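Participant: Residue-level listing of the chains:
Protein chains: 2
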Amino acid sequence: MARVVVDVMLKSEILDPQGEAVLGALPRLGVTDVASVRIGKRVEIEFDENARNVEEQSRVIADQLLANPVIENFAISIEGA
Amino acid sequence: MARVVVDVMLKSEILDPQGEAVLGALPRLGVTDVASVRIGKRVEIEFDENARNVEEQSRVIADQLLANPVIENFAISIEGA
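Chains as they are written, first to last, in this note's numbering: chain A, -1 to 79; chain B, -1 to 79.
Same shape as in the complex, but just chain A:
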């Protein structure tokens, strides 16, 4: 069974309020040497045994369902084809 991981992150020029919120909370944990925090989505897609072209299919899924191309980038990695 092939597992594909799609990581979807906001483009660097886009403000990330979630990341800013975490960054702002770090001093309370005693963590003071963090420059930035960015938060995105990690999507794990498990394909059937007989699936073919899993990378192309994942690109279709990412393009049309998982990422908003205006503000997000995505990266695809295959684990255990």
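Please note that the accuracy of each hint is not assured.
All copies of an identical chain are treated as equivalent in the list; a pair is satisfied when it fits inside any one copy or across any two copies.
Straight-line C-alpha distance at most 25 Å; calculated DMTMM-like pairs for lysine to aspartate or glutamate [said to hold, decoys possible]:
1. Lys9 with Glu47
2. Lys9 with Glu54
3. Lys9 with Asp46
Just so you know, the hints here were simulated from the structure itself, not pulled from any lab data. Being a predicted model, the structure only gives us computed values, none of them experimental.
Since the structure of chain A is already known, use the hints to place chain B on it.
Facilitator: Chain B only, in chain A's frame:
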């Protein structure tokens, strides 16, 4: 500058409604050989140049801010220490 990636995913026994929604939409894209879809968080933490113990600090951040230990697991990976 060290970048640490924290991947937070729901535990396997926990229902993932977001993942189920994506799985249900795949046939409309012509994708029919996907067994499951799981969606979680990818958190990229950039540390300052002089930061030390980045893995331990990331574990503190993940434990206390990023993951709910009751329903989520997290994995830490360091990129370019």
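Participant: Give a verdict on every hint.
Facilitator: Against the structure, the hints:
no.: 1; hint: Lys9 with Glu47; verdict: between (34 Å within a copy, 23 Å between copies)
no.: 2; hint: Lys9 with Glu54; verdict: within (22 Å within a copy, 28 Å between copies)
no.: 3; hint: Lys9 with Asp46; verdict: between (32 Å within a copy, 21 Å between copies)
Hint compliance for this structure: every hint is met.
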